[in-house]
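*Asks:* When you get a sec, could you build the whole thing from the sequences and use the hints?
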Amino acid sequence: MRKKLKRKDATDTRTLMYTCMTLLSRMVMVIVFLIFMWGTLTVVSPETSVLDFTPDWSRLDHTRITPPLQSASMVENGIHLPSGLKEGPGRRQVETSCLSCHSSKLITQNSATSDGWESMIDWMQATQGLPALGGNRKVIVDYLSEYYAPQEYSRRAPLELEETEWYILNLE
Amino acid sequence: MHPFRRTFLKSFSIFSSSIALNILSGKQVSNTIQKISSWINLPGKRAELTVLNDRPINAETPAHLLDDDLTPNDLFFVRNNGIPPAKVNLGSWTLEIGGESIIAPRSFSLNALKKNFEHYTYNLVLECGGNGRSEFNPPAKGNQWTTGAVGCAAWTGVRLKDVLEACGIKKDAVYIAYHGADSHLSGAPDKEPISRGVPMDKALEDESLIAWAMNGEDLPELNGYPLRLVFGGWPASCSGKWLNRIDVRNRVHDGAKMGGQSYRVPCKPVAPGTKVKDEDMCIIESMPVKAIITYPKTGAIINLSDNLPIRGHAWAGDYQVSKVEVSIDYGQTWNSCQLSKPSNRLAWQRFEATVKFLEIGYHEVYVRATDENDKSQPMILPGWNPKGYLNNACHRIAIRVK
Chain A
1 MRKKLKRKDA TDTRTLMYTC MTLLSRMVMV IVFLIFMWGT LTVVSPETSV
51 LDFTPDWSRL DHTRITPPLQ SASMVENGIH LPSGLKEGPG RRQVETSCLS
101 CHSSKLITQN SATSDGWESM IDWMQATQGL PALGGNRKVI VDYLSEYYAP
151 QEYSRRAPLE LEETEWYILN LE
Chain B
1001 MHPFRRTFLK SFSIFSSSIA LNILSGKQVS NTIQKISSWI NLPGKRAELT
1051 VLNDRPINAE TPAHLLDDDL TPNDLFFVRN NGIPPAKVNL GSWTLEIGGE
1101 SIIAPRSFSL NALKKNFEHY TYNLVLECGG NGRSEFNPPA KGNQWTTGAV
1151 GCAAWTGVRL KDVLEACGIK KDAVYIAYHG ADSHLSGAPD KEPISRGVPM
1201 DKALEDESLI AWAMNGEDLP ELNGYPLRLV FGGWPASCSG KWLNRIDVRN
1251 RVHDGAKMGG QSYRVPCKPV APGTKVKDED MCIIESMPVK AIITYPKTGA
1301 IINLSDNLPI RGHAWAGDYQ VSKVEVSIDY GQTWNSCQLS KPSNRLAWQR
1351 FEATVKFLEI GYHEVYVRAT DENDKSQPMI LPGWNPKGYL NNACHRIAIR
1401 VK
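From first to last, the protein sequence lines are chains A and B. Under my numbering, the first residue of the first sequence carries the number 1, and numbering increases by one thereafter. Under my numbering, the first residue of the second sequence carries the number 1001, and numbering increases by one thereafter.
Warning: the hint list may mix true and false statements.
[Stated by the list, open to error] Keeping only pairs whose Cα atoms sit at most 25 Å apart, straight-line, the calculated SDA-like set for lysine to any residue is:
#, chain 1, residue 1, chain 2, residue 2
1, B, K1141, B, K1275
2, B, K1141, A, R155
3, B, K1402, A, N170
4, B, K1297, A, E163
5, B, K1356, A, E172
6, B, K1356, A, R155
7, B, K1297, A, L171
8, B, K1356, A, I168
9, B, K1297, A, G84
[Stated by the list, open to error] Some, not all, of what chain B presents toward chain A, calculated at C-beta under 10 Å:
#, residue
10, V1158
11, A1271
12, I1302
It should be emphasised that the hints constitute simulated quantities derived from the structure, not laboratory data. Idealized CB from N, CA, C, for every residue including glycine.
*Replies:* In structure tokens form, the structure reads like this:
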């Protein structure tokens, strides 16, 4: 997988086209988003003019706007409030690389092993325009697999197939 | 192979095996411990029993070894709370009958008991209240029984009611309490490992026995030799072993493991993981409806053309089982099994069916019993409780069709 990434970095023209397209689509997305936010705010609090709008990150519910860097006081019960992500090493890299495209909710509602997060990143790079992450990739995967790991809790666990001694049952 | 494909396959296999490891590592460790500890020989028991604990001895029967109509003595599960008496002298063994609500306390030698009262034999199910505990999550402390803390044997003895009535039961009688000759793990002579019992209604049923024989032989030493109580359909902890005293109480018995959290569940349902106060816990009485697949053993590999016979036993505490169904599609469709009548009240019932798979691959067979009150088994776990009792989730086995 790492070889594949290097190959991608090396193909300059493709990367350039890729980056242009990514930037373009991101600009379109930001514009659409701003229009959507304006509409929402008008509906939620019609008395508030857009002109005297000041960011209230808690009300915005951790949307895709990357908030300005905040001090540690923005962490409550282990959650970094502006981003909605669990506070920990790698949180900032996740904000930078992931939340520029999608909401943190796409992360916080999911859980996976490091292989699982790796394959999601692969998919985003292959189909969604996520650029190569370089050295941040490991930091991000480590963060995600640590803080958004699969829950071992289960209402009923699968049968213990690793323990099952399979045998040929001859009928007749 | 194409390099990408190889990488993909590799990462896929790492991915899937790491999932399996995540789920199974804890269990695998405990299973290895169980395998090691099962080399310990239990007196009167076969080595195939899964030993969960060796002090006190606790061992369960793998599902496929419960296939007999009556569970053989050397396969019957063991749930000991203390240390069984080292030496039993039959000549001097006595059973004392006393308590606040007995009119004339008496003492019986084994011979007197056998001579003075009529003998009865009933096939009765004994199941530990904690059978199935291992599936609860958050986990409950205690022996991590899977499915094998149950058995049905032919018990021979005298009716408890005949013996109690011979001594006279006062009108204020509420509960019977047993005492046994087993000793506390700590070795403290004044401490009983367990002393439980049942309300008078259950005590005076025809099938409630003071038994000395199991399947026509002496009781196994780990199952109460030479004398025990048997109350079919109730938590097996009610059926005191190495029995040497029965008290008729004028209140709910307050012996060891009657109060606190032992053999009790929240009186009102609670969310998983809730801490429940002792006073909000209620004593378990009749056990819930349940079925176990005893043939085939899980893990069978069969051919697509095969008809697979399925059989096992079903039981329902104080009640009769009215229906057993089998599903090979995770409960989307159910088919009725053939179900036999119990040989007597409180005996388990044989069910049989034949299933045919339409596709090759991995399959699971589920069975679900329904009792005469129309209560059936859940496919997921029933209500969580702090000590992990009463798990009657459907039993299931794994089958591969090739």
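*Asks:* Hint by hint, say whether it matches the structure.
*Replies:* These are the hints, each one checked on the structure:
no. : hint              : in the structure
1   : B:K1141 x B:K1275 : 13 Å, holds
2   : B:K1141 x A:R155  : 17 Å, holds
3   : B:K1402 x A:N170  : 12 Å, holds
4   : B:K1297 x A:E163  : 13 Å, holds
5   : B:K1356 x A:E172  : 14 Å, holds
6   : B:K1356 x A:R155  : 29 Å, violated
7   : B:K1297 x A:L171  : 13 Å, holds
8   : B:K1356 x A:I168  : 16 Å, holds
9   : B:K1297 x A:G84   : 49 Å, violated
10  : V1158             : 43 Å, violated
11  : A1271             : 12 Å, violated
12  : I1302             : 5 Å, holds
Hint compliance for this structure: hints 6, 9, 10, 11 are not met, and every other hint is.
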